[in-house]
Amino acid sequence: MAERMREPLVNAVLVLALLIAPLTAVALDEPFYVGLASRVAILALAGVGLNLALGSGGMVSFGHAAFFGLGGYVAGIAALHAFEGSAFLAWPLEIGGSESMIVVWVVTLAVSAVVALAIGAVSLRTAGVYFIMITLAFAQMIYYFAISLPTYGGEDGLSIYLRSSLPFVDTGDPLSFFLVCYALLLSALFLTHRLVNSRFGAALQCARMNPERLATLGIAPFPVKLTAFTLSAMITGLAGALFAELNGFVSPAMLSWQRSGEIIVFVILGGVGRLFGPVAGAALFILLESFIGGWTDRWQLVLGLVLLSVVLFARGGVIGLLAGRARHD
Amino acid sequence: MTDSLLGPLLELQGLRKAFGALKASDDIDLTVLPGEIHALIGPNGAGKSTLIAEIAGGLTPDAGQVRLFGQDVTGWSVAARARLGLGRTFQVSSLVMEFSVLRNVMLAVQARSSGAFGFWAPVRRDARLRTEALGVLDRVGLTRRAGDPVSALSHGERRLLEVAMALALRPKLLLLDEPMAGLGPAGTRELTAFLAGLKTETGMLLVEHDMDAVFALADRISVMVYGRIIASGSVAEIRASAEVREAYLGDLHEAPSC
Numbered sequence: 001m002a003e004r005m006r007e008p009l010v011n012a013v014l015v016l017a018l019l020i021a022p023l024t025a026v027a028l029d030e031p032f033y034v035g036l037a038s039r040v041a042i043l044a045l046a047g048v049g050l051n052l053a054l055g056s057g058g059m060v061s062f063g064h065a066a067f068f069g070l071g072g073y074v075a076g077i078a079a080l081h082a083f084e085g086s087a088f089l090a091w092p093l094e095i096g097g098s099e100s101m102i103v104v105w106v107v108t109l110a111v112s113a114v115v116a117l118a119i120g121a122v123s124l125r126t127a128g129v130y131f132i133m134i135t136l137a138f139a140q141m142i143y144y145f146a147i148s149l150p151t152y153g154g155e156d157g158l159s160i161y162l163r164s165s166l167p168f169v170d171t172g173d174p175l176s177f178f179l180v181c182y183a184l185l186l187s188a189l190f191l192t193h194r195l196v197n198s199r200f201g202a203a204l205q206c207a208r209m210n211p212e213r214l215a216t217l218g219i220a221p222f223p224v225k226l227t228a229f230t231l232s233a234m235i236t237g238l239a240g241a242l243f244a245e246l247n248g249f250v251s252p253a254m255l256s257w258q259r260s261g262e263i264i265v266f267v268i269l270g271g272v273g274r275l276f277g278p279v280a281g282a283a284l285f286i287l288l289e290s291f292i293g294g295w296t297d298r299w300q301l302v303l304g305l306v307l308l309s310v311v312l313f314a315r316g317g318v319i320g321l322l323a324g325r326a327r328h329d
Numbered sequence: 330m331t332d333s334l335l336g337p338l339l340e341l342q343g344l345r346k347a348f349g350a351l352k353a354s355d356d357i358d359l360t361v362l363p364g365e366i367h368a369l370i371g372p373n374g375a376g377k378s379t380l381i382a383e384i385a386g387g388l389t390p391d392a393g394q395v396r397l398f399g400q401d402v403t404g405w406s407v408a409a410r411a412r413l414g415l416g417r418t419f420q421v422s423s424l425v426m427e428f429s430v431l432r433n434v435m436l437a438v439q440a441r442s443s444g445a446f447g448f449w450a451p452v453r454r455d456a457r458l459r460t461e462a463l464g465v466l467d468r469v470g471l472t473r474r475a476g477d478p479v480s481a482l483s484h485g486e487r488r489l490l491e492v493a494m495a496l497a498l499r500p501k502l503l504l505l506d507e508p509m510a511g512l513g514p515a516g517t518r519e520l521t522a523f524l525a526g527l528k529t530e531t532g533m534l535l536v537e538h539d540m541d542a543v544f545a546l547a548d549r550i551s552v553m554v555y556g557r558i559i560a561s562g563s564v565a566e567i568r569a570s571a572e573v574r575e576a577y578l579g580d581l582h583e584a585p586s587c
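Protein chains in written order, with my numbering: chain A, 1 to 329; chain B, 330 to 587.
Isolated chain B, as found in the complex:
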């Protein structure tokens, strides 16, 4: 266990995935170190979502290795990787719509503590699950909404609930797939501050289009274009890189609409 704490949380080695002629992951190497926020940026269609899916376990790479906490998990299921300590949020909120906000988080707490099994005791009145879930909701500032159905939440609140469910798993590594999408400037500032405060708890791989958030949060940035990582380095290095400017940032400044 000590080894896994010293080594990288996530290590991708030579990951390849093609859909027909399209190389979505083209020899990807990437690490996330303990206590680090590693941001992954790139234009739409660069293969970021494919990469997230390969890390989370939804897609199997054609070649290469995914290592989590020092362990080769390439063939593992989504659920097995989650149990190992991988939390994630989805680009499009993925919640249990018919459950209340509290019950969504309670399900996450339950998943971490006992899984599916427990056939008799009423889950709604489970004081241990409730207390812990309310604690997590308090952290993201959703306590007021605990009893409401998810369908009644605003877009921004749903994003926060996604984060709460991931946190309830007490992950060692968080995959954040565009957490700021659609949040608006105030919401983005709040979530940025919140994520910055999480760094001591968990490492993060952050896929994000909002450059202010990326530059504020990231310890390292990797730039992905056409399935390849074309540059990787500190914020200052990436800002200074001519190649990145040309391939990505330059485009963005000329066409801020995306």
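Extracted from the complex, chain A is given alone in its bound form:
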């Protein structure tokens, strides 16, 4: 029984620590750390998205920055047109910008879903290294498309002068914005938890471990994987919209393959397929980046060593190290 309770305990401590850190920072009047905690929450959310595809579905997407960046550009473009009072689309329907965060989220989810359906429908016909390469290729296409858009800043990116707003919440306040990100992270964790343990989750796990068996039972693996890939992209896209609003800036860097790699690193560091793995992974990544990065520019050397030891010695990542092997029953 004690063994069974270890992982939920580790998860609870992790999530509580992420909540207490910015609260303490506010109490100590250190606003910098509130922003840092928001970064952790947002990048963890991006990782939770990828983990659904990579961990549960076995789809190693090297192109999730595409969705992360698309979310960022939805936030940036909505803010730009709202600021200028100009129209995004004049015909056949007039669509302007928006200052509502809810609108930004809904549009982000819709755009991510449509793009993921298209990318997934092509990419999921391949497997293994080909899948990795084709998702990378799609993300690079979107990256270069963003660079070639002078209206939206091209290579220089786009500044968001005014963060979009929510009813009853002052999103301009760092702590309130953190709490919004934190709430979305918890919701995404809860949703993926339900999803992975549902009938759909059972089929998805079988699609990862033994697709031939799944087909023999009468469930075609392709639509199951495509659904999971799309949901995964929507979560990562939402994280991107928050990330752009946090930084007040979006640029093609959000769409770059380095960003895709980073999201994979969160998942691997935390523990592939472990529900709270991306939270641990993103937290560790940001801690290394800020504290070792504050001390030396070569902090990525340390990150490399940590990643290497995780892959070699702790296949379950940080969560696996703290909570033991994953349960299967």
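Because the hints were derived from the structure by calculation, they are not lab data.
Worth double-checking, as some hints may not be accurate.
What the hints assert, rightly or not - Examples of chain B residues toward chain A, derived with CB under 7 Å: (1) Ala408; (2) Arg412; (3) Arg417; (4) Ser423; (5) Leu436; (6) Ala437; (7) Gln439; (8) Ala440; (9) Ala445; (10) Gly447; (11) Phe448; (12) Trp449; (13) Pro451; (14) Val452.
Being a predicted model, the structure only gives us computed values, none of them experimental.
Cβ coordinates follow ideal geometry from the N, Cα and C atoms, glycine included.
Put chain B on the given structure of chain A with help from the hints.
Relative to chain A, chain B alone:
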């Protein structure tokens, strides 16, 4: 529907499949009738596995037709054929290794009843799936092992779990690809008795090397050599056929090692 019950469960017409110069299926005609066990025997490399794959949907034939329950399914996917009522077991056990025995069968029950869709309710505590899956495990005598991971099962138990997963689909036709392989004499006797008891539920196409099991179970036997069916008939006819003796049974008696 009534038509499909009266006609053959499975009908292969002029099936051809070549890999380069090798003719793995060379103009195959074959039927499985309701309530019948049709055994397919032949030496290794005769094309039995290719034929199974063409029936299950993993391989598309170059020419000819596969009809299941009266319907032409030649271009259909593996999953679509399974949903139509085709169950199968694999020559090498193909199970979800990280799931428990019970969850493997629950997945099969789920596949038949609702497919993949159901995004919210926890599947482990789904009483309907559990009850039905436990019932199937009880039939094959694996109840004791329900909570164990598949990786902890013996070879023989894995073969039984394969059968249980196929049965959970309530198939109208079962493809059994060497179910006795590696079972040992006692296990083979048990599985033979069990399959004999299934005849009223489902027709079977049985690919098997164990001749005692084949002669005990089969209503009809087809003999396959080099991609062709060289003889087809009752147990007595096949035993008596000189051609079969020469091509297959004779070899077997001289070289019992295979």
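For each hint, the structure was consulted:
1. Ala408: Because about 4 Å separates Ala408 of chain B from the closest Cβ in chain A, which is inside the 7 Å limit, the hint holds.
2. Arg412: Hint on Arg412 of chain B: holds, closest Cβ of chain A at ~4 Å, below 7 Å.
3. Arg417: holds (6 Å)
4. Ser423: This hint holds: Ser423 of chain B lies near chain A, its Cβ roughly 5 Å from the closest one there, short of 7 Å.
5. Leu436: Result: holds, 5 Å to nearest chain A Cβ.
6. Ala437: Holds - the Cβ of Ala437 of chain B comes within 7 Å of chain A, reaching about 5 Å at its closest.
7. Gln439: holds (5 Å)
8. Ala440: This hint holds: Ala440 of chain B lies near chain A, its Cβ roughly 4 Å from the closest one there, short of 7 Å.
9. Ala445: holds (4 Å)
10. Gly447: Holds - the Cβ of Gly447 of chain B comes within 7 Å of chain A, reaching about 3 Å at its closest.
11. Phe448: This hint holds: Phe448 of chain B lies near chain A, its Cβ roughly 5 Å from the closest one there, short of 7 Å.
12. Trp449: holds (5 Å)
13. Pro451: At about 5 Å, which falls below the 7 Å cut-off, the nearest Cβ of chain A leaves the hint on Pro451 of chain B intact, so it holds.
14. Val452: Holds: closest Cβ of chain A sits about 5 Å from Val452 of chain B, inside 7 Å.
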